[in-house]
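Student: Just so you know, the sequences run in chain order V and P.
Going by numbering that gives the first Met the number 0, the first sequence opens with residue 0, and the numbers climb by one from there.
Going by numbering that gives the first Met the number 0, the second sequence opens with residue 0, and the numbers climb by one from there.
Treat the hints as calculated values from the structure; they're not laboratory data.
Beta carbons are placed, not taken as given, at the ideal position from N, Cα and C, and that holds for glycine.
Warning: the hint list may mix true and false statements.
Dumping the calculated BS3-like pairs for lysine-lysine here, alpha-carbon to alpha-carbon at most 30 Å [unchecked claim]:
hint	chain 1	residue 1	chain 2	residue 2
1	V	72	V	135
2	V	6	P	153
3	V	107	P	243
4	V	194	P	243
5	V	187	P	64
6	V	67	P	153
7	V	103	P	187
8	P	153	P	126
9	P	25	P	35
10	P	153	V	265
11	V	54	V	67
12	P	20	V	57
13	V	194	V	265
14	V	107	P	64
15	V	45	P	35
16	V	54	P	187
17	P	25	V	103
18	P	243	V	6
19	V	103	P	64
20	P	153	V	107
21	P	33	V	103
22	V	194	P	153
23	P	153	V	103
24	V	194	P	64
25	V	135	V	220
26	P	153	P	122
Away from chain P, derived, C-beta distances all over 12 Å, residues of chain V [claimed, not checked]:
hint	residue
27	24
28	61
29	69
30	168
31	172
32	173
33	174
34	177
35	191
36	192
37	211
38	221
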Amino acid sequence: MRSAHRKEIIGKIVVYAVLIIIALAMITPFLWMFSAAIKSDREVFKMNPFVFIPKVPKWSNYVDIWTKIPFLKFVENTVFLTIVVTILQLLTSSFAAYAFAKLKFRYKNGLFLAYIATIAMPWQVYMVPQFILMRKMGLNDKLLAIICLQAFSAFGVFLMKQFYESVPDDLCEAARIDGMSEYKIYMKIMLPLSKPALATLIIFTFVNTWNDYLGPLIYLKTQEKKTIQLGLKMFISQYSSDYGLIMAGSMLSLIPVLIVFLCLQKYFVEGIANTGLKG
Amino acid sequence: MEKIKETQGSGQINILQDALKTTIEKVRDEKDEKTKRKLIRQIERYNNRIDMLRSGRRISRQTRKNLVAYSFIAPNFIGFCVFTLIPIVFAFALAFMNWDGSNPVSFEGFNNFKRLASDTFFKAALKNTIIYCVGTVPLTMIASLALAIVLNQKVIGRGIFRTIAFFPYVASLVAITSVWKMLFHPSKGPVNNILFTFFHIPQDALPQWFSGSLCVISMILFSVWKYMGYYMVIYLAGLQGISKELYEAASLDGAGTWNQFRYITWPQLSATTFFVVVMLTINCFKVYDVAVMLAGGGSGELTVSATVLVYYIYQKAFIDWDLGYSSAVAMVLFLMVLIVTIIQFRGQARKEA
Chain V
0 MRSAHRKEII GKIVVYAVLI IIALAMITPF LWMFSAAIKS DREVFKMNPF
50 VFIPKVPKWS NYVDIWTKIP FLKFVENTVF LTIVVTILQL LTSSFAAYAF
100 AKLKFRYKNG LFLAYIATIA MPWQVYMVPQ FILMRKMGLN DKLLAIICLQ
150 AFSAFGVFLM KQFYESVPDD LCEAARIDGM SEYKIYMKIM LPLSKPALAT
200 LIIFTFVNTW NDYLGPLIYL KTQEKKTIQL GLKMFISQYS SDYGLIMAGS
250 MLSLIPVLIV FLCLQKYFVE GIANTGLKG
Chain P
0 MEKIKETQGS GQINILQDAL KTTIEKVRDE KDEKTKRKLI RQIERYNNRI
50 DMLRSGRRIS RQTRKNLVAY SFIAPNFIGF CVFTLIPIVF AFALAFMNWD
100 GSNPVSFEGF NNFKRLASDT FFKAALKNTI IYCVGTVPLT MIASLALAIV
150 LNQKVIGRGI FRTIAFFPYV ASLVAITSVW KMLFHPSKGP VNNILFTFFH
200 IPQDALPQWF SGSLCVISMI LFSVWKYMGY YMVIYLAGLQ GISKELYEAA
250 SLDGAGTWNQ FRYITWPQLS ATTFFVVVML TINCFKVYDV AVMLAGGGSG
300 ELTVSATVLV YYIYQKAFID WDLGYSSAVA MVLFLMVLIV TIIQFRGQAR
350 KEA
């Protein structure tokens with residue numbers, strides 16, 4: 000009995016040790032980023048002794064980044080794109096998913112198959128013809144191109160449909176008997192129920208749009224149209240040794256995503272569990 | 000006027016109902032499955048028509064239902080059709096063409112694919128992408144599963160650990176790769192500094208993390224770090240779906256931790272693992288930003304030792320404007336993903352059978 004008890008304690012110690020090592024590995028780059036962002040270029044790589052916060056923190060890095068490159072313009076563009084894409088994605092895909100999950104209509108299976116078939120298709124396979132098509136439509140070098148690119152994904156429809164299918168049909172049937180229209184059922188019953196799935200979709204869409212690099216790289220050519228990621232990359236290749244500034248810019252680019260994630264994360268595991276994303 | 004219309008209507012209804020009756024009888028006697036199905040559809044149509052005439056509506060109830068459903072789907076489907084489906088069809092066609100985007104298109108047959116066979120840069124890209132996949136997929140899967148199992152137990156600070164593990168996933172690549180490039184800087188970075196001071200590795204033997212053959216390994220390490228949090232969440236969701244009774248029964252039978260994992264957790268998670276492996280493989284094959292940001296120079300150009308398929312697609316299309324050839328490379332990417340997905344599907348189906 001005592002040896003079993005000891006075994007349990009050893010097990011616990013191992014578990015915590017592993018956890019702490021992994022957590023350290025996960026968090027160290029972020030701590031480094033925070034620390035380097037307030038250091039001067041001479042202090043950045045100083046190792047013995049390593050100081051986390053220098054005696055004279057160089058907060059001015061956070062000010063200079065806004066003047067060295069048109070950072071404000073980049074932030075504006077990215078915020079605009081991310082918000083529009085996220086709203087469009089949430090509305091259109093939850094709307095379509097409701098029909099696929101709860102309504103019977105002609106060509107339902109065929110239409111859904113079109114969505115499923117493209118889920119395993121990497122965007123990179125068709126990005127070139129897509130670019131040509133958008134150029135024909137006059138969308139080259141327009142923010143609208145990125146919106147069209149990101150807002151109608153098959154992934155969103157799939158995720159929401161899986162969630163709606165876990166909602167019992169009786170609920171909709173009862174509402175129909177009460178004379179509610181399908182639009183009302185969607186608005187009044189389904190949307191309020193689907194918070195975890197919506198939160199999950201918001202996190203994915205927000206993170207993807209905010210952090211996207213290749214899409215904006217292909218479409219956005221002029222300086223005033225660029226996003227934070229493009230701007231930051233441009234800054235890094237121009238001032239590759241201005242580490243303090245690079246880190247300050249990187250910190251700024253992370254903050255909005257972290258805020259959105261931290262606000263919605265309590266729904267997140269639940270959302271994944273109920274949307275069939277686990278397979 | 001109204002009266003006449005109504006009587007006309009009821010006359011029509013009678014005719015239709017007679018037709019309906021005879022069709023129903025026909026169905027009863029019909030032996031051939033195909034004609035039977037055809038007749039059943041005919042009955043549906045009669046029913047709809049009668050319904051329409053009775054209620055005096057211009058469109059039947061079923062058409063109305065269809066229209067409502069289509070109105071739900073339309074906003075997404077139109078966008079999806081224009082910006083995804085059409086380009087996909089176009090991509091398949093383009094692989095057999097020669098086009099620079101402005102001059103007339105010419106049909107090339109399999110010439111683009113023949114060119115691929117003797118293209119050393121393409122072969123390097125394909126090789127690197129495959130090495131990257133073979134390294135990243137199993138490592139990420141094992142790491143995320145292990146982390147999920149640990150975090151599924153009752154440990155203090157579980158919520159904080161889960162949140163931290165997800166940080167790398169939400170962080171932007173541009174930002175976080177610039178940190179990695181500092182940490183692993185060949186001459187000044189802390190990692191090599193530790194190797195030099197504590198492990199006494201001579202200055203000129205210190206690893207050059209982002210050039211030469213180490214490049215792909217750095218990419219793999221980075222990707223495992225960045226993406227394991229995401230797959231951990233998926234595994235966590237899977238683990239929460241396993242019934243607790245199974246474990247209770249097993250521990251009554253005296254099964255240890257390892258046996259519980261082997262005979263309960265692993266088989267119960269097979270659907271999750273299938274999903275994780277497929278998603279990981281797809282995501283690995285489309286790697287681009289990780290390579291460009293870790294191994295690309297100032298202008299983001301990749302050398303033979305770090306090039307990947309998507310980089311080559313991008314270069315051929317948007318730098319050289321060799322659109323047909325670029326699409327041929329894209330088809331190779333698509334085929335790789337397709338093959339892996341099919342293999343996985345087969346394995347999954349066999350396990351379930």
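Student: A separate judgement is required for each hint: does it hold in the structure or not?
Tutor: Now the hints, each set against the structure:
The suggested pairing of residue 72 of chain V with residue 135 of chain V holds, with an alpha-carbon distance near 27 Å, which does not exceed 30 Å. Between residue 6 of chain V and residue 153 of chain P, the direct Cα distance comes to roughly 17 Å. Compliance with the 30 Å bound is thereby established for this hinted pair. Restraint check: the Cα-Cα separation between residue 107 of chain V and residue 243 of chain P comes to about 38 Å, which exceeds 30 Å; the hinted pair is violated. Distance hint between residue 194 of chain V and residue 243 of chain P is fulfilled; the C-alpha atoms sit about 27 Å from each other, no more than 30 Å.
Of the supplied pair hints, the one linking residue 187 of chain V and residue 64 of chain P holds, its CA atoms being roughly 19 Å apart against a limit of 30 Å. For the hint pairing residue 67 of chain V with residue 153 of chain P, the CA-to-CA distance comes to about 49 Å; that exceeds 30 Å, so the pair is violated. For the suggested pair residue 103 of chain V and residue 187 of chain P, the alpha carbons sit about 64 Å apart, so the restraint of at most 30 Å is broken. For the hint linking residue 153 of chain P to residue 126 of chain P, the alpha-carbon distance of about 43 Å lies beyond 30 Å, and the restraint is violated.
Pair hint residue 25 of chain P plus residue 35 of chain P holds up; C-alpha atoms about 9 Å apart against a cutoff of 30 Å. As the CA atoms of residue 153 of chain P and residue 265 of chain V are separated by approximately 17 Å, the hinted pair is consistent with the 30 Å bound. The straight-line distance between the Cα atoms of residue 54 of chain V and residue 67 of chain V is roughly 25 Å, inside the 30 Å bound, and the hint therefore holds. Using a Cα cut-off of 30 Å, the hinted pair residue 20 of chain P and residue 57 of chain V is violated, with the two alpha carbons roughly 89 Å apart.
Distance check on the hinted pair: residue 194 of chain V and residue 265 of chain V sit about 11 Å apart at the alpha-carbon level, within 30 Å; holds. For the hint linking residue 107 of chain V to residue 64 of chain P, the alpha-carbon distance of about 12 Å falls within 30 Å, and the restraint holds. At most 30 Å may separate the alpha-carbon atoms for a hinted pair to count; residue 45 of chain V and residue 35 of chain P exceed this at roughly 83 Å. With a CA separation close to 21 Å, the supplied pair residue 54 of chain V and residue 187 of chain P stays within the 30 Å bound.
Simply put, residue 25 of chain P and residue 103 of chain V have alpha-carbon atoms about 28 Å apart, close enough for the 30 Å limit, and the pair holds. The suggested pairing of residue 243 of chain P with residue 6 of chain V holds, with an alpha-carbon distance near 22 Å, which does not exceed 30 Å. Distance hint between residue 103 of chain V and residue 64 of chain P is fulfilled; the C-alpha atoms sit about 8 Å from each other, no more than 30 Å. Restraint check for residue 153 of chain P and residue 107 of chain V: not satisfied, since their Cα atoms lie roughly 44 Å apart, outside the 30 Å limit.
Between residue 33 of chain P and residue 103 of chain V the CA atoms are separated by roughly 23 Å; this keeps the pair inside 30 Å, and the hint holds. Proposed proximity of residue 194 of chain V and residue 153 of chain P is supported: the alpha carbons are some 26 Å apart, at most 30 Å. Using a Cα cut-off of 30 Å, the hinted pair residue 153 of chain P and residue 103 of chain V is violated, with the two alpha carbons roughly 44 Å apart. Restraint check for residue 194 of chain V and residue 64 of chain P: satisfied, since their Cα atoms lie roughly 27 Å apart, inside the 30 Å limit.
With a C-alpha separation of about 16 Å, the suggested pairing of residue 135 of chain V with residue 220 of chain V holds against the 30 Å cut-off. Using a Cα cut-off of 30 Å, the hinted pair residue 153 of chain P and residue 122 of chain P is violated, with the two alpha carbons roughly 49 Å apart. Not every CB of chain P is more than 12 Å from the CB of residue 24 of chain V (nearest about 7 Å), against its label as outside the interface. Interface exclusion of residue 61 of chain V from chain P stands, the closest Cβ pair being 14 Å apart, more than 12 Å.
Every CB of chain P is more than 12 Å from the CB of residue 69 of chain V (nearest about 16 Å), matching its label as outside the interface. For residue 168 of chain V, the condition that its CB be more than 12 Å from all CB atoms of chain P holds, with the nearest at approximately 15 Å. Distance to chain P confirms residue 172 of chain V as a non-interface residue, since its nearest Cβ pair spans about 14 Å, more than 12 Å. Non-interface call for residue 173 of chain V relative to chain P: holds, since the shortest CB-CB distance, roughly 18 Å, exceeds 12 Å.
For residue 174 of chain V, the condition that its CB be more than 12 Å from all CB atoms of chain P holds, with the nearest at approximately 14 Å. Even its closest Cβ contact with chain P, about 17 Å, leaves residue 177 of chain V beyond 12 Å, as expected for a residue assigned away from the interface. The Cβ of residue 191 of chain V lies farther than 12 Å from every Cβ of chain P, with a closest approach of about 17 Å, so its non-interface assignment holds. The non-interface label for residue 192 of chain V is consistent with chain P: the shortest C-beta to C-beta separation is roughly 17 Å, beyond 12 Å.
A cut-off of 12 Å between C-beta atoms contradicts the statement that residue 211 of chain V is not in contact with chain P; the least separation is 9 Å. With a cut of 12 Å on Cβ distances, residue 221 of chain V stays outside the contact zone with chain P, its closest approach being about 16 Å.
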